[in-house]
Every structure is written in structure tokens, then in C-alpha cells.
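2 protein chains.
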Amino acid sequence: MDIYDWRKKIDEMDDEIVRLISRRAEAAKAIGALKRETLAPVYEPDREQSVFNHVRAVNQGPLADSEMQHIYERLIDVMRTLQKREP
Amino acid sequence: MDIYDWRKKIDEMDDEIVRLISRRAEAAKAIGALKRETLAPVYEPDREQSVFNHVRAVNQGPLADSEMQHIYERLIDVMRTLQKREP
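Same order as they appear, the protein sequences are chains A and B.
Quick note on numbering: the first sequence equals residues 1 to 87 in the working numbering.
Quick note on numbering: the second sequence equals residues 1 to 87 in the working numbering.
It is worth saying that the hints were derived from the structure and are not from the lab.
Heads up, a few of these hints could be off.
The list cannot tell twin chains apart, which means a pair is met if one copy fits it or any two copies do.
[What the hints assert, rightly or not] Pairs of lysine-lysine residues, derived as BS3-like cross-links and limited to a Cα-Cα distance of at most 30 Å, are as follows: (1) K84 with K9; (2) K8 with K84; (3) K35 with K84; (4) K29 with K84.
Quantities reported herein were computed from a predicted structural model and do not represent experimental measurements.
Pulled out of the complex, with its shape left as it was, chain A reads as follows (with noise of 0.2 Å):
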């Protein structure tokens, strides 16, 4: 496979992992409903460092756990900001 083919395939994945973060952010979204219906806090330290510890303890490589929790902060950060912002 050339360059142009990995691209192609890159690609591809890229389509799925758009749409399973938009699955997640829906998931997210009815979360911060809850939250709002129980007057719980957006910001829960503990639910953040599990979704981190969960990452890493699937993670098989390449990328190191630290580099795959480094595009989880991200993420993280992401949805935070979304089920604050939802009505």
C-alpha cells in the first residue's frame, strides 16, 4: 500500500470515529440533562480519572497510555463544555 492508499483508509476511519463521538456526545448530552434534573455538578473529578483509567486499561498500543489519555483530555474537555452548554 502507498501513501495515498493509508489515506484512504485513515479516512475511512475517520468517519467512524466522528460518528462514535457524536454517539458519545449524545451520551453525554442526556448525562447533563440528569444532572441538571438532580442539580448534580457538570465538573465530577472522580467520573474524569475513570474514563481516563478505563482508556488506558484498553489500550493495546501503538500510542502509549499516556499519549491515549492525552487525546482523552481533549475529549473530555470537549463534552464538559457541551453538557454545560445544553439545555
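Add chain B to chain A, keeping to what the hints say.
Same frame as chain A, but now just chain B:
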């Protein structure tokens, strides 16, 4: 569904997201090897821009395009580090 149920679903989605990001990283490694063979630079701003454009084009919400790109900026950052590292 209560918060616990949603979090179980999110954990399952994260399994899949981590798996896909790992497959994407394998493809980036393969491209890194091809770049080394051809002495092409790792950093290719045009390709990175085209990834962002693609991601924004397939994004259907609930995240804003700029939020999805924000996640991808971190992802691409990590992939670039991987391409530089791997022999």
C-alpha cells in the same frame, strides 16, 4: 436510563473509540515508514488541513464542527509524535 446506564454505554463506546484510534495509529505508523523511505517530511500541513476539512464535513452534531476539530487537533498532534518516534 439513569446516569449509571449511560455511563455503561459510554464505557462501551470508549472501548470502540480506543480500538479505532489504535488502528488509525497503526496506519499513521505505516505512513511514517513510507515517509522515511522517501525522505518526505512528517509534518504536512496540507494533509492535516484536509483531515480537519473531512472531519468537519462528516460531523453531524451534537458537537460543533469547531469542537470536533478541537478533538482532532490533539489526535493529529499525538499521531505526528508517533510518526517521528517509530523507527
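Here is what the structure says about each hint:
no.	hint	result
1	K84 with K9	between (35 Å within a copy, 20 Å between copies)
2	K8 with K84	between (36 Å within a copy, 21 Å between copies)
3	K35 with K84	within (10 Å within a copy, 42 Å between copies)
4	K29 with K84	within (9 Å within a copy, 37 Å between copies)
Of the numbered hints listed earlier, not one is contradicted by the structure.
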